[in-house]
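Q: For the protein sequence lines, the chains are Y and Z, in the order given.
Using numbering that gives the first Met the number 0, read the first sequence as starting at 0 and increasing by one per residue.
Using numbering that gives the first Met the number 0, read the second sequence as starting at 0 and increasing by one per residue.
It cannot be assumed that every hint is accurate.
Below, a list of computed lysine-lysine pairs in the DSSO-like style, where the Cα atoms sit at most 27 Å apart [claimed, not checked]:
#, chain 1, residue 1, chain 2, residue 2
1, Y, Lys152, Y, Lys166
2, Z, Lys290, Y, Lys475
3, Y, Lys193, Y, Lys33
4, Y, Lys426, Z, Lys290
5, Z, Lys95, Y, Lys475
6, Z, Lys121, Y, Lys426
7, Y, Lys149, Y, Lys159
8, Y, Lys475, Z, Lys26
9, Y, Lys357, Y, Lys263
10, Z, Lys290, Z, Lys121
Quick list of the computed label-pair ranges, beta carbon to beta carbon [stated by the list, open to error]:
#, chain 1, residue 1, chain 2, residue 2, range
11, Z, Leu38, Y, Ala201, 31 to 39 Å
12, Z, Trp36, Y, Leu100, 34 to 42 Å
13, Y, Ala201, Z, Phe40, 46 to 54 Å
14, Z, Gly272, Y, Leu100, 48 to 56 Å
15, Y, Val390, Z, Gly66, 54 to 62 Å
16, Z, Leu38, Y, Leu371, 45 to 53 Å
For the record, the hints were derived by calculation from the structure and aren't laboratory data.
Model, not experiment: these values are computed from the prediction.
The beta carbon of each residue, even a glycine, is placed where N, CA and C say it ideally should be.
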Amino acid sequence: MLEKMDIERLDAEAVNSQKQRQVLYAPRKKIFPKRASGGFRQFKWLVMAITLGIYYLVPWLRWDRGGYAPDQAVLIDIANRRFYFFFIEIWPQEFFYVAGLLVMAGLGLFLLTSTVGRAWCGYTCPQTVWVDLFLVVERAIEGDRNARIKLDKEPYSLRKLALRTAKHAIWLLIALATGGAWIFYFADAPTLLKDVFTGQAAFVAYSTIAFLTATTYVFGGLMREQVCTYMCPWPRIQAAMLDEASLTVTYNDWRGEPRSRHAKKSAAQGAVVGDCVDCNACVAVCPMGIDIRDGQQLECITCALCIDACNGVMDKLGRERGLISYTTLNDYNANMALATSGGTQPIDPTRVRTVDGKLATTLRHISLASFLRPRTLLYAALWSLVGVGLVYALVTRERLDVNVLHDRNPQFVMLSDGSVRNGYTLKILNMIAKPRVMALRIEGLPQGSVAIAGIEAQSDGTFLVPVEPDRLRSLKVFITQPRHAADGPSQTFRFVIEDTQGPEVKTYTATFQTPGGST
Amino acid sequence: MHDPHKDPHLDELSGVSTTGHEWDGIKELNNPLPRWWVLTFYACIVWALGYTVFYPAWPLLTSATTGVLGYSSRADVRSELAAAEVGRSGYVAAIKAADMQQILADETLRTVATAAGSAAFKVNCIQCHGSGAQGSKGFPNLNDDDWLWGGTPQQILTTITHGVRAPEDADTHVSEMPAFGDILKPDEIASVATFVADLSKGVGFPAQTTAGAQIFAQNCASCHGERAEGNQEMGAPNLADTLSLLADGEEAVAAQIRAPRHGVMPAWGGRLGDVTVKELAAYVYSLGGGK
Chain Y
0 MLEKMDIERL
10 DAEAVNSQKQ
20 RQVLYAPRKK
30 IFPKRASGGF
40 RQFKWLVMAI
50 TLGIYYLVPW
60 LRWDRGGYAP
70 DQAVLIDIAN
80 RRFYFFFIEI
90 WPQEFFYVAG
100 LLVMAGLGLF
110 LLTSTVGRAW
120 CGYTCPQTVW
130 VDLFLVVERA
140 IEGDRNARIK
150 LDKEPYSLRK
160 LALRTAKHAI
170 WLLIALATGG
180 AWIFYFADAP
190 TLLKDVFTGQ
200 AAFVAYSTIA
210 FLTATTYVFG
220 GLMREQVCTY
230 MCPWPRIQAA
240 MLDEASLTVT
250 YNDWRGEPRS
260 RHAKKSAAQG
270 AVVGDCVDCN
280 ACVAVCPMGI
290 DIRDGQQLEC
300 ITCALCIDAC
310 NGVMDKLGRE
320 RGLISYTTLN
330 DYNANMALAT
340 SGGTQPIDPT
350 RVRTVDGKLA
360 TTLRHISLAS
370 FLRPRTLLYA
380 ALWSLVGVGL
390 VYALVTRERL
400 DVNVLHDRNP
410 QFVMLSDGSV
420 RNGYTLKILN
430 MIAKPRVMAL
440 RIEGLPQGSV
450 AIAGIEAQSD
460 GTFLVPVEPD
470 RLRSLKVFIT
480 QPRHAADGPS
490 QTFRFVIEDT
500 QGPEVKTYTA
510 TFQTPGGST
Chain Z
0 MHDPHKDPHL
10 DELSGVSTTG
20 HEWDGIKELN
30 NPLPRWWVLT
40 FYACIVWALG
50 YTVFYPAWPL
60 LTSATTGVLG
70 YSSRADVRSE
80 LAAAEVGRSG
90 YVAAIKAADM
100 QQILADETLR
110 TVATAAGSAA
120 FKVNCIQCHG
130 SGAQGSKGFP
140 NLNDDDWLWG
150 GTPQQILTTI
160 THGVRAPEDA
170 DTHVSEMPAF
180 GDILKPDEIA
190 SVATFVADLS
200 KGVGFPAQTT
210 AGAQIFAQNC
220 ASCHGERAEG
230 NQEMGAPNLA
240 DTLSLLADGE
250 EAVAAQIRAP
260 RHGVMPAWGG
270 RLGDVTVKEL
280 AAYVYSLGGG
290 K
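Isolated chain Y (complex conformation) (with noise of 0.2 Å):
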């Protein structure tokens, strides 16, 4: 069987190989990422729908609010200061949850890295995806790794000249795509895309169309695995999320090693043959362009796609898939002490496997309790306590609010028949997308009487507010109490509203300020 093999040898050196470290100010390697197959080239082709589709579909889904707010489900109205999100509406002043979403992000993205290590960066990262986006558009127009080295080098001509501006024009396309869907979040999709194309959007849609369609273009065409490995903070992090159960991608050498390019004429002569052939497939398919047998370095973001060009080999020399393969630390370890009888041996695969390749029984693989650690443990819980938190406060707040602020200049009015008038300004908030007619009235001031510019009190003394859906109403609310009730000290007392039509009460405790002050 080894001797049918026929596995291509590619001509592929990590950009930043281990063999030859080169000066820091080197100009970029230009890389060529060959086309992998496999189980997670399938999976990260899965996600890319996924994201991709979350991204430009979700601004066109509609989601009826009644007629009084807007009916698209997702809509970031920066205008009028609202933040839908399906059946959730989020006022400015509730701005929180934003920020427990953005901190249940970063938790998640701790015990997501801690357990599996840099998935994110792998399969989901915008980076990623669209770097994978136009590499596909890159191959199916300049042809797979060895044709655009080959097109890279040649001179220019029509044809190069023609590839290359269908390349770029597509790319292009894909940036103004993106940059453009981005503005429908912002803004009710179909009138803006009607705008955008009669001209009649505003400036800053444009802008940020040209703005983003531009980043998509440099960072996903041009830039590439310099976003990550130049500008991109999280691989340093990164550092600070693994240990040594997390899931990492690694080239398990104790089977690996000593590699051999000439595997059955080595081990004719004797010699200890491990199972690398150093075909080179797992740099070639590498996007960030580096060599995974070096070990974990920053610039890899375990997207896999050298284990699926691994196993891809190790399938046709019949040996067992895994010679790449997702591993923590402590697995890694092991195995290697196995292979080198402690420590005190060459790496010698023998020692793990027999002679027609079947892998030894003591061998540790991917265990459950990788995933579940104190540390994991922790990062969930937290995760999820803040996700509680947050669903509670969502369910349990109020739609009503009112804010009062007391007039601070006069604090207080002596009227000509002695009595004290206090002036308050008083904000209702009706938070959901229905009118509503709130009944005001205080309590707990003797002999006190409101007056409010504009209403009329009712006959039981309270005042009867209508309040646009989702609308603020101000109100100058004057109060005024008699001569010797006001001869005292400052009182305090309550402002009520009260929802007419449904079960909510809000109650404000305000100071009414006499002459007599705060002793």
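Guided by the hints, dock chain Z onto chain Y, whose structure is given.
A: Below, chain Z alone, put in the same frame as chain Y:
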């Protein structure tokens, strides 16, 4: 980029080429700036040069170059002000056409006029009446319900428009209290001052007749009213309420009787225009003391 293997100036230790210059055996490493940085820098220079052509830039002796686009920030401000003026024009026309009753009855007009009046008040009125319109000695508090010249919206408007004792306005409010120092004897002034000061205690006009009450009835009631309730026709203050504009206590009242002081307010109609004074009247009325 240099090829480190062929570079004659390669520094062995750092693997970086040097500039080739040497000072006492010290060589300078040649770490060039990244190309993108240099290109950005050059682009900025080109941009800056272009900017000076299109926008005002180069200082001359008395002015500066205007730039081919003719941009000026003052023109920007002017056009923004003009745009704001156009935006307000509908309300301004409506306020101009309406009388005070109509302005106050319409919620939108009232809100707009009150807000505009508040702004105009802060520019023109707070110097005397205070930022909260709370007044001070000699300058009426506009929050309370005690009015010298009347507290209906129309009366407030008239007072703002024509002022009080304003020499520049023929229709201004005019009245003058005689100096009783020349008319009454000092002990008469003292007794009527006691009487008036007692009125401010808020117990109402006394029923029993005292010397002070008699002097009041003979000398003061013609303007201030039989029961000291004041007369807004001639700006005579109500002396029977608990509020006083100028004088608290017997001594101060006596001083005012001997040699009265009179407040003066400019006529604002000619200065601000009839729309702004209406807005001011709406604002003053909104302070809560209006009738």
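Q: Quick one, are lysine 357 of chain Y and lysine 263 of chain Y close enough, alpha carbons at most 27 Å?
A: Given that 27 Å is the threshold and the Cα spacing comes to 17 Å, the pair holds.
Q: Is the distance from the Cβ of glycine 272 of chain Z to the Cβ of leucine 100 of chain Y consistent with 48 to 56 Å?
A: 53 Å, holds
Q: With a cut-off of 27 Å on the C-alpha distance, tell me whether lysine 95 of chain Z and lysine 475 of chain Y pass.
A: Holds - the C-alpha atoms of lysine 475 of chain Y and lysine 95 of chain Z are around 25 Å apart, at most 27 Å.
Q: Are the Cα positions of lysine 475 of chain Y and lysine 26 of chain Z separated by 27 Å at most?
A: 78 Å, violated
Q: For the pair valine 390 of chain Y and glycine 66 of chain Z, does the Cβ-Cβ distance stay inside 54 to 62 Å?
A: 58 Å, holds
Q: Starting from the hint 46 to 54 Å, judge whether the C-beta atoms of alanine 201 of chain Y and phenylalanine 40 of chain Z obey it.
A: 33 Å, violated
Q: Between leucine 38 of chain Z and alanine 201 of chain Y, does the beta-carbon spacing fit 31 to 39 Å?
A: 32 Å, holds
Q: With respect to the beta-carbon atoms only, verify the hint that leucine 38 of chain Z and leucine 371 of chain Y lie 45 to 53 Å apart.
A: 52 Å, holds
Q: Holds or violated: are the alpha carbons of lysine 152 of chain Y and lysine 166 of chain Y at most 27 Å from each other?
A: With a Cα-Cα distance of about 17 Å, the restraint between lysine 152 of chain Y and lysine 166 of chain Y holds, given a limit of 27 Å.
Q: Verify the proposed pairing of lysine 121 of chain Z with lysine 426 of chain Y, using a straight-line Cα cut of 27 Å.
A: Cα-Cα ~23 Å, so holds.
Q: Between lysine 290 of chain Z and lysine 121 of chain Z, does the CA-CA distance stay at or below 27 Å?
A: Distance ~23 Å between lysine 290 of chain Z and lysine 121 of chain Z Cα, so the pair holds.
Q: So the hint says 34 to 42 Å: do the beta-carbon atoms of tryptophan 36 of chain Z and leucine 100 of chain Y match that?
A: 37 Å, holds
Consistency with the previously given hints fails for numbers 3, 8 and 13, ordered from lowest to highest.
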